[in-house]
Amino acid sequence: DAGVIQSPRHEVTEMGQEVTLRCKPISGHDYLFWYRQTMMRGLELLIYFNNNVPIDDSGMPEDRFSAKMPNASFSTLKIQPSEPRDSAVYFCASSSGSGLTDTQYFGPGTRLTVL
Amino acid sequence: GESVGLHLPTLSVQEGDNSIINCAYSNSASDYFIWYKQESGKGPQFIIDIRSNMDKRQGQRVTVLLNKTVKHLSLQIAATQPGDSAVYFCAERGRGSTLGRLYFGRGTQLTVWP
Chain A
14 DAGVIQSPRH EVTEMGQEVT LRCKPISGHD YLFWYRQTMM RGLELLIYFN
64 NNVPIDDSGM PEDRFSAKMP NASFSTLKIQ PSEPRDSAVY FCASSSGSGL
114 TDTQYFGPGT RLTVL
Chain B
-4 GESVGLHLPT LSVQEGDNSI INCAYSNSAS DYFIWYKQES GKGPQFIIDI
46 RSNMDKRQGQ RVTVLLNKTV KHLSLQIAAT QPGDSAVYFC AERGRGSTLG
96 RLYFGRGTQL TVWP
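Protein sequences appear in the order of chains A and B. Going left to right, the first sequence walks through residues 14 to 128 as this note's numbering numbers them. Going left to right, the second sequence walks through residues -4 to 109 as this note's numbering numbers them.
Note that these hints are calculated values from the structure, not bench results. Check each hint, because a few of them may be wrong.
Only pairs whose alpha carbons sit at most 20 Å apart, straight line, appear in this in silico EDC-like list of lysine to aspartate or glutamate [said to hold, decoys possible]:
#1 A:LYS37 with A:GLU27
#2 B:LYS66 with B:GLU34
#3 B:LYS32 with B:ASP79
#4 B:LYS63 with B:ASP26
#5 B:LYS32 with A:GLU57
#6 A:LYS91 with A:ASP115
#7 B:LYS32 with A:ASP115
#8 B:LYS66 with B:ASP79
#9 B:LYS37 with A:GLU75
#10 B:LYS63 with B:ASP44
#11 A:LYS91 with A:ASP76
#12 B:LYS37 with A:ASP76
Cβ pair distances, simulated, as ranges [claimed, not checked]:
#13 B:SER35 with A:THR89: 25 to 31 Å
#14 A:VAL66 with B:GLN55: 45 to 51 Å
#15 B:ILE15 with A:GLU31: 41 to 47 Å
#16 B:ARG56 with A:ASN64: 35 to 41 Å
#17 B:GLN76 with A:ASN84: 38 to 44 Å
From the derived model, a few chain B residues whose C-beta atoms are all more than 12 Å from chain A [as the list claims (entries may be wrong)]:
#18 SER21
#19 ASP44
#20 LYS51
#21 VAL57
Given the structure is predicted, the values throughout are model-derived calculations rather than measurements. Here a beta-carbon is modelled for each residue, glycine too, at the ideal position from N, C-alpha and C.
Sequences and hints are given; from them, build the entire structure.
Below is the structure:
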């Protein structure tokens, strides 16, 4: 299994630009999670999907952030417009369920730098 | 919401020694905990988990201990190796409507010296 795939691995952009991060979950997994990791706030859950439907988006910082999952094998996290404080590592994770012991498998992350 | 914290942000050990990484949690109703390892430039990787009906669980060179009385969790790594150098996170599973969520601690940086 290829694991969770994220692209790009690194993204450098200027303030005000639109940024799109992509994720391909592990085949057969029906839960997909987007996290953000910073030194100040640690690892935070932004949003998660079940069967392509957003279940909990309470972690999405503001309206500049949006996430979609058009099908079971692809999700995007978009920031528009981007700001320097959005600089972080963004992780996508997937699991085969949200049951108590279902393990979340993380991708390698996208390191975003907003200048 | 849940709060998961760590006692020490960094830990340095010599190769071959045992490592103990600690974690405290605040929700006495929590019933599932996970330890993740994150190497530089990579995503967190599952190591071991434990349910609240257990006090101890062992894996390969790793042991997790759960003390529900003081709401404390620890990860023990036996015969620590250079490849164990990483940041270790404890995470707590949400309950009820937040069952799908994991709440992560801030992490402990483990450095293994040869």
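Here is what the structure says about each hint:
1. A:LYS37 with A:GLU27: violated (26 Å)
2. B:LYS66 with B:GLU34: This hinted pair is violated, its Cα atoms lying about 27 Å apart.
3. B:LYS32 with B:ASP79: holds (9 Å)
4. B:LYS63 with B:ASP26: The given pair, whose Cα atoms are some 10 Å apart, holds under the 20 Å limit.
5. B:LYS32 with A:GLU57: holds (16 Å)
6. A:LYS91 with A:ASP115: violated (27 Å)
7. B:LYS32 with A:ASP115: holds (17 Å)
8. B:LYS66 with B:ASP79: violated (26 Å)
9. B:LYS37 with A:GLU75: Between B:LYS37 and A:GLU75 the Cα gap is close to 27 Å, so the pair fails against 20 Å, i.e. violated.
10. B:LYS63 with B:ASP44: holds (15 Å)
11. A:LYS91 with A:ASP76: Status holds; Cα separation ~10 Å.
12. B:LYS37 with A:ASP76: violated (28 Å)
13. B:SER35 with A:THR89: 25 to 31 Å: holds (26 Å)
14. A:VAL66 with B:GLN55: 45 to 51 Å: Violated, at about 37 Å.
15. B:ILE15 with A:GLU31: 41 to 47 Å: The hinted range 41 to 47 Å holds for B:ILE15 and A:GLU31, with Cβ atoms some 46 Å apart.
16. B:ARG56 with A:ASN64: 35 to 41 Å: holds (37 Å)
17. B:GLN76 with A:ASN84: 38 to 44 Å: Given range 38 to 44 Å: holds, Cβ gap about 41 Å.
18. SER21: The claim stands: B:SER21 keeps its Cβ more than 12 Å from every Cβ of chain A (closest is about 15 Å).
19. ASP44: Given a closest Cβ separation of 7 Å, the condition is violated.
20. LYS51: holds (17 Å)
21. VAL57: holds (15 Å)
Violated hints, listed in ascending order, are 1, 2, 6, 8, 9, 12, 14 and 19; each of the other numbered hints is respected by the structure.
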